[in-house]
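We have chain Y already, so just place chain D with the ligand on it with the hints.
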Amino acid sequence: MEELYQEFIIELYKNPLNFGKIERPEMHAQLHNTTCGDQIELFVRVNEGKIEQAKFIGKGCAISQASASLFTSYLKGKKINELEKITKDDVLGLLKIDLSKNPSRMKCALLVFDTMKKMIKTKE
Amino acid sequence: MSLDVDKIRKDFPILQAEINGKPLAYLDSAATSQKPLVVIERIFDFYARHNANVARGLHKLSEQATLEYAEVRTKVKEFIGAENQKEVIFTRGTTESINLAMRGWGEKFVKKGDKIVVSIMEHHSNFVPWQELARRKRAKLEVIDIDENGELNLSDAQKKIKAAKIVAISGASNVLGTVNDLRAIGKMAHEQDALFVVDGAQLIPSRKIDVRKIDCDMLAFSGHKMLGPFGSGILYGKEETLEKMDPLMYGSEMIREVTIHKSTYAELPERLETGTPEVSAVLGLGTAIDYLNKIGMKNIEKYEQELIKYTMMRLSEIKGLKILGPYNENKRVSLASFTLEGVHPHDLAAILDEQGIAVRSGHHCAMPLHARLGVDASTRASFYLYNTKEEADKLVDGIEKAKKIFS
Ligand SMILES: Cc1ncc(COP(=O)(O)O)c(C=O)c1O
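Chain order of the listed sequences is Y and D.
Each step along the first sequence adds one to the number in my numbering, with nothing skipped, and position 113 is 107.
Take the position in the second sequence, starting the count at 1, then add 468; the result is the number in my numbering.
Bear in mind the hints are in silico, worked out from the structure with no lab data behind them.
The hints are all genuine.
The calculated BS3-like cross-link candidates involving lysine-lysine, where the alpha carbons are at most 25 Å apart (straight line), are: (1) Y/Lys15 x Y/Lys44; (2) Y/Lys70 x Y/Lys117; (3) Y/Lys112 x Y/Lys44; (4) Y/Lys8 x D/Lys869; (5) Y/Lys115 x Y/Lys44; (6) D/Lys787 x D/Lys871; (7) Y/Lys53 x D/Lys871; (8) D/Lys790 x Y/Lys53; (9) Y/Lys8 x D/Lys871; (10) Y/Lys90 x D/Lys871; (11) D/Lys676 x D/Lys706; (12) D/Lys681 x D/Lys628; (13) D/Lys762 x D/Lys676; (14) D/Lys872 x Y/Lys90; (15) Y/Lys70 x Y/Lys15; (16) D/Lys787 x Y/Lys8; (17) Y/Lys53 x D/Lys787; (18) D/Lys869 x Y/Lys95; (19) Y/Lys90 x D/Lys869; (20) D/Lys799 x D/Lys628; (21) D/Lys869 x Y/Lys53; (22) Y/Lys53 x Y/Lys112; (23) Y/Lys117 x Y/Lys79; (24) D/Lys872 x Y/Lys8; (25) D/Lys490 x Y/Lys95; (26) D/Lys871 x Y/Lys101; (27) D/Lys712 x D/Lys655; (28) Y/Lys53 x D/Lys872; (29) Y/Lys73 x Y/Lys111; (30) D/Lys862 x D/Lys872; (31) D/Lys580 x D/Lys608; (32) D/Lys790 x Y/Lys8.
Just so we're clear, the structure is a prediction, and the values are computed from it rather than from any experiment.
Just chain Y, with the same shape it has in the complex (with noise of 0.2 Å):
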C-alpha cells in the first residue's frame, strides 16, 4: 500500500503531463466517477489514422490524475484501429502498481481507460 505513492506518482499529480485541451480534437470524451467525483476529459488529434497528439483535464485523486498522464503519452503514436486492442492490463502496467485489492482505487486507475473505451464509442 505503501508503494501506492511512489514520488513518481506524487509528481504526476502535481505536474501532470498532457494536461490542457485540444482545439476541434478529432476524438473526444469525458467521464465521470460518480461515487468519488473525479473526472477527466479526454483529447486526441488525429492524422492519417494515427494518434499526433493526446491531451486531457480533469480533477481527482493522484491515482486517477497520474493514470490519465501516464496513458495520454502512451497514446501518442498509436493508431486508431489499435486502440480496441489496449487492456486494462496495458494501462495498470503503466502505473507500476498492484490494486488488485483496491477495487475503488481500481476505478481511479481505469478512469481514463473507461473515458478511451467511451470516445471510442461515440467515435462510432
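What follows is chain D with the ligand alone, placed relative to chain Y:
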C-alpha cells in the same frame, strides 16, 4: 469524563482488530456504527434457539418471537417519546422510511403546484425522494440554503416554507455535522399546515430526542447507525398522520381479510409493514437501545461533545485544512468533514487507512451540498461513544503524514 470509554471499548469485538498491522481507529460511525457483542449475540441467539416467523404460528417459538418483536416496538416508542406503539413502523432503514413517507403520504396528498421544501444539506435519501415526488406531481421543490457557518439560514427557511405542503429536514447533517433547530423549523412548517418530516439518521444515535417536543409529524432513522444491525429502521409518525397513509407495498402481514373481490387491511402499525419483517434485525435493535439506555444518551452526548471539541481544536492546528460546518461543538454531532490543500480526499483516506484509521472520503451522498460549498469531495471523521482522544491524535498524525507524502 462522562463515560468509561475503556470499559465500553471492551464491549465491541471489532475494536480489538488490527488493520494493516495497526490497531483499528474506526472513525466512520456516521456511515455505520460498530456493534457491541450483546447485539451480535442477540442475533445469534435468535437464530440458534428461537428462530420462528412472527404473527403467524400458534406454536411456542412463534409466540415468543412475536412477543419479543412487539417489545422492541415499545422500546423504540419510549426511546423517542412517541405517544403509543402504533406510531412506530419498522422499516429496513432511513431511506426506506423516507420513501414510505413519500409514497404513502406524498403521493396521496401532494398536488400539482404544491410546494415541497428540503434543505441544501440533505443526504440524497432525504432529497431525491422529494425531488422525484415533485417531478411526478409537478409540484415545486424548494431548497433552504445554509449560511457561512453551515447552519440553516432561518430567514430563507421562513420564506421558502411559506405555503409549503411538506417540509423535510435532517436532524443533523452527515457532512457538516450541524444540528438543526428542529423546533423552529417545525413551528414554521406547522404554521403553514405542512407535514414536517425529520431525517434523524445522524441525530438519533447521539441525542436524546423527544418527538413530542420537536413536534415532528414523521421521523426516520436507521438501526445500523446506533449500534444495531443492518436492516433495522424506523418510521415514526403521529397516529393521525399514519392513519391517512397508504402502504408502500401490498401483500402479507398487513391484511385483515382477503377475498377474490377485495381485501381489507390491518390496523396500524401492521398496515404499513408488508411482508415478513427483518425479525433478527429488529431484535438486535432492541438490544442496541437497551445498551444506549444503560450508558445514557445524555452521557453519550456529553462525551461526544468533548471528543468533537478536542478533534476540531487539533484539526484546526493543521495548515491547509479547512473544516466544513459550524465551529461550535454545541451545534454539531461528533463528526468533522474537511478538505486538505494539495491532497485529494481519496488519497488522504488511503494513506490514513494504511495506518489503521478508517475515515470516509467522497461526497457522502450529499452532492447538492458539496456543489453549494464549491468542493468536489471531502474527508469525514466521525466519532461515537467508543472513540477516544488518542484516536483523534492519530488522525492528526496521519493527516500530517499525508501532507508530507504530497509535499
Ligand atoms: C442524514 C442521513 N440520512 C439518510 C441516510 C440513509 O440511511 P440508510 O442508508 O440507513 O437508509 C444517512 C446515512 O447514510 C444519513 O446520514
